[in-house]
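Trainee: If you want the building blocks of each chain, they are given just below.
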Amino acid sequence: MELIKKIVTWSRIKSPWIIHFNTGACNACDIEVIAALTPRYDVERFGVLLKGTPRHADVLVCSGPVTRQIKDRLVRIYEQMAEPKFVVATGTCACSGGVFNGCYCVEGGIDSVIPVSAYIPGCPVRPEAIIDGVVKLLGSLDGDPAPQGAVPAPDAAEPVKQGTAV
Amino acid sequence: MTALIGILVFPGVFFLSLFGLVCEFVDRKLHARLQHRVGPPWFQPLADFIKLVSKETIIPEEADRTMFRLMPALAVAAAAAAALYIPMWSAKALFSFSGDVIVVIYLLTIPTLTFFLGGWSSTSLYAMIGSVRCLTQLFAYEVPLFMGVLAPFMLASTWNFSELAEFYRAHPGYMIFNVIGFAVSLVALMGKLEKVPFDIPEAETEIVAGSFTEYSGRYLALFRMAVDIEMVVGASLLAAVFLPFGLGLPAGVAFALYVIKVLFVVVLLSILRTLFARLRIDQMVDFCWKYLAPASLVQLLINLAVKGALLS
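Sequence lines, in order, name chains A and B.
In the numbering used here, each residue's number is its place in the first sequence (first place is 1) plus 832.
In the numbering used here, each residue's number is its place in the second sequence (first place is 1) plus 88.
With the rest of the complex left out, here is chain A (with noise of 0.2 Å):
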């Protein structure tokens, strides 16, 4: 019963499949997630596949603060997903509304609607942090400390030299 428990937990952490979810970001975090997907990044390597359908996804990234009108969108996608099922607030918006907090039409951060399991700030948030935090939220599940408030790592933040031919 311990060896397929820890063979269920293995697998969920080898095989994150994520959906994206634009909760009223301003597009830039979007890109900045399409961006983390692209073969430059390979998210592959950790088993990350892009999926159309919240029913096969493990992950939800949002981006941007939730507006009234976006609310219940979210709310019902994010109970389309099966459990176990994670959140993760992507930029600084979705993290804490941001500087559109208290604005008539926003509710305020991802958490204000649903259970957030890992924070990305960031403004945009950059495609090495993205994967760093979503690698800290599945470490998290092999029994390390929560990762509330997941930063991305120094090395991450740092920008990156500009110019260098990639």
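If you only want the chain A side, here are some residues facing chain B, beta carbon under 10 Å, derived:
#1 Ile836
#2 Val840
#3 Arg844
#4 Lys846
#5 Pro848
#6 Arg872
#7 Asp874
#8 Arg877
#9 Phe878
#10 Gly879
#11 Leu882
#12 Gly884
#13 Pro886
#14 Arg887
#15 His888
#16 Pro916
Restraint ranges, calculated between C-beta atoms of paired labels, are given here:
#17 Leu337/B to Ile863/A: 52 to 62 Å
#18 Ile839/A to Arg366/B: 28 to 38 Å
#19 Arg900/A to Leu213/B: 23 to 33 Å
#20 Trp842/A to Leu201/B: 28 to 38 Å
#21 Lys180/B to Arg908/A: 51 to 61 Å
#22 Arg368/B to Arg877/A: 26 to 36 Å
Treat the hints as calculated values from the structure; they're not laboratory data.
Glycine included, every Cβ here is placed at the ideal spot set by N, Cα and C.
Use these hints to put chain B onto chain A, whose structure you have.
Mentor: Showing chain B alone in chain A's frame:
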């Protein structure tokens, strides 16, 4: 008892599942390497499978529960049953009778049908569109696949895998005449497996995930396994029909050769899927009827001519 082991362990469901996971890994890794990526680790398909099996399974309220739950199992069963008639370690398969190639091709059609029925009975709009595209595509690639696969059999004047292998052992040079048929069947097989230029039924950028939109948990795992097994069986079919050499060798050597042949077909499939981008459904149907079907007709003509000129 031997039959039971044959169905359940080797060359049945267990072996096919493992080999299917291996083929999925080879496919994904090669795809990644061709895109200049590192790609997934070797255990990735297994981890995906275990994760999906252990996840919650949701059945939509509107869905037809019986059909929704029956279809994934039926898909695996049909794909695995087809493998029992394909020769792997000798010229003779586990079960063999006159006309087994027809049965294999029809059994390979059933998974596509279950994708349609599963998607249709989940009553989601995206799933329905995907299902209908699935069937539309079936009518486009099925005829070229049939003609392409059956052409070598026509040359050998048989409908049986073992007799085909015997014929090509006696006349190894005749394999060269089937090159067009091999190309046609390879392309048609990509349509059957819904690989990238023909992944119109599950186009994730347009219709979410096609027929599988509402599937989650272990039913999705079974469907993915069915696709993997279908890939193995389809590749085995092409290997048995178009590369029927080496089946007279000792069983171990012949089996190793069989694995190499299947992996060769899988490598071809994944190179092709890296090269192309998705077509529209009308372009796909056009392509299949305008170019693929005539090409397979040409193959039939060549085989008829060869048969008349050289074998009579």
